[in-house]
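Peer 1: Chains A and B are the protein sequences, given in the same order. Start counting the first sequence at 1; every next residue gets the next number (the numbering used here). Start counting the second sequence at 152; every next residue gets the next number (the numbering used here).
Calculated from the structure, these hints are not laboratory results. A portion of the hints provided could be inaccurate.
[Unchecked claim] One side of the interface only, derived from the structure: several residues of chain A facing chain B at Cβ under 10 Å:
#1 V28
#2 P36
#3 V39
#4 L56
#5 V85
#6 I86
#7 W148
Backbone N, C-alpha and C fix where the C-beta goes; we use that ideal spot for every residue, glycine too.
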Amino acid sequence: MSTRWYPKYITGNPQLRVFLPNFFMKLVKPEVPQLPNVVQFKVSMQMTKHDVKNYLEKIYSVKVESVVTHVRMGKFSRNAVGGYVIKDDDFKLAYVTLPKDEKFEFPNLFPEEKEKELDKQKEQLNTLKDEWKMITTKNKHRQGVPSWLGI
Amino acid sequence: MSALLKGLSSVLATNLIKFESLFISNRTLQFSVKSVSAPKNYFRLGQPAFSFHSSVSRRGLEEFFDDKKNWGELEVKVGRSWRVDELRIKSNEDLHKLWYVLLKEKNMLLTMEHASQEECRLFPNPERIDKVEESMNNLERVVRERNRAYFLLETGETGERPCSRVTDPLGRSYTMQYTEHFVPIYMNRRASKKHVHRGAAVVRFRRQMKEKAFLEKKRYYNRVRNHVCQLLRRFPELDEEAIQQQYPEVNLTRLRRMKYSRGHHLYNEG
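In isolation and in its complexed conformation, chain B is listed as follows (with noise of 0.2 Å):
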């Protein structure tokens, strides 16, 4: 926990205004405004972060609640969420460390969002919980980062789940992510028996299936040509580039030529 906060002041030092750039809950906030005194340099600490101590030690169940002075509040002020960045520069502990800082303000947050809920009460600050899963989030990608790099040192794989893109026996494709199994494909008989549908109404399904996307596209591309065609009506002298980079699919020399993009003004006449 101790190695945790010195990562927290490490980052207030770096900028000593940004009192919100740690966010754990308003508790922590205040502690974290008194070490605005730390030392310049931004990644060895000095004396002062040792003594350095930000949150009680609350233990047991009532870690479950907010604290005290929040009960029945309308509004409680936190920071921002952790972003990549601030997490990139953590070591794996730390970050181990914190996923469990945030998982418990995770849980509290839930229980007093059910505990309003079941009052009929209106939850104060609910961007409370966006944030820390914002945050959460942010922290597995950078493990996960950590991860794919190792992997590729180590074994030129990204260790990544294998996936591929199959298609099903109605003809639709979808991405496949492998699953470990106890006995290879081969030795398992069940799964080796092959199931494919080339019945009747599959056929008819893959047909009025492919119909259904040609439409669809056919219907987009009209779409855009008519907006593009109304535009060179209403605005004939129009940046010609412009357009064609805001919609590559349809030609502009053709649409000049069209009768549906002729306006009724002076630009088209003799």
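Here chain A stands alone, though its shape is the one from the complex (with noise of 0.2 Å):
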């Protein structure tokens, strides 16, 4: 049997077991402030309630209390260059609501020690560039002549 054909159930038969899982689960960071027990995840289309909560206890081994599900429409957006409409993927939100003792904050991912280091970085390649162009513009009409026969 294939991997991703599973034989049809009838009720008083053994539960079917999803031995290889393929759905995907990304915890987004919410646009609307929640508790903060609850959880937004975007989750595979066809996953159900009982299989996000399921997902989460069997794999991350985080306990579930109830699981909300809505399935979001995609955007609509123009081309800039065709004008005709683009439509985004329909996806599938999960609120998750953890125990009541439990609490989630979303991480800030992109910490500010790091960002005032890449402007540094680039700061300095800015610099670079600009002695860079000075070093070539200087000879720009005596090309191949030896730095030191200048004035």
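Assembly of the complex is requested from the two constituent chains, each provided in isolation within its own frame, with the hints serving as guidance.
Peer 2: As structure tokens, then:
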């Protein structure tokens, strides 16, 4: 049997088991502020509430109190060049409620210290670029002449 | 988990320099470098491997995010994906565990990618997702191979989903995969009603479809023939066998005689 083809379930039979699930779950930052124990996920379209609960409990060992799922429509936009309408894919959101005493806060994935370092690097690069420009434009009309020959 | 990691170290032991031989994430890689002094026996593991622990077990929702030191980085270096040959020597249990390791890694990468998209930034090393997916495909392929072998041994059939080549009402042929049903087809009155389309519109459609296919084939042949003629014209002393091998559909002796393939040079004089 193919790994992605499951036999039809008939009541009374043993439950079907998924050995190699290929569902994905993305933890996303909620646009609207949520309660401290609510986590928002983008999940595979085929996943049900039970799937989400089992996925988190069995694979990630996270206790789940309840799950709410919504299917959201993808955004419409116009192409800048052709002007035709583009529609993003629809997606499923899952709002997972953790037990009362647990809290989850979405971490800051782009810390400020790193940002400052990057800015410094950019400045250095710009100064180098300017210097290079100076050097190359200085001897523009006397190419191949050694530097010590000039005034 | 420990069994899987043992397997990993055995892979490492085969090639001491191959640090990037396992792909999970860079934090596992760091530890794998330590295990370079693993025993020479490739398949049986000695004492050091039992005390081998690669990553800190992080539990819960933290696993959806990358290692803290990679946050805000421009480049994250990782190894390559798992190859089929490496997966073939693993046991079923190990493969089952590895699948979940890869699945978690993929979820983590997707989460980080989404987060950087939200912030209008570049996601560092997006090929990591491709590597995980390739590993997962390879793993599934190995599982499928084993399934096939088992079914062939036990039942004499491949155990794959049965399918057949059928034609749809508009005369186009396609591969239909069979699905299970609660009742056989002769008991299902709706399904057993045959939908045969023999209207004038369908006949016309089929004819035009055939015509289109014929014209496409003809144009393709003409294109190849003209190309070969031009070749003969420009390079008269051409290796004919090589041309025939590359374009088996043309008749070279016939094309030689065509006016189109004769150039204005000394070769054709007299």
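Peer 1: Need the list of violated hint numbers for this structure, in ascending order.
Peer 2: The structure breaks hints 2, 5, 6 and 7; every other hint is satisfied.
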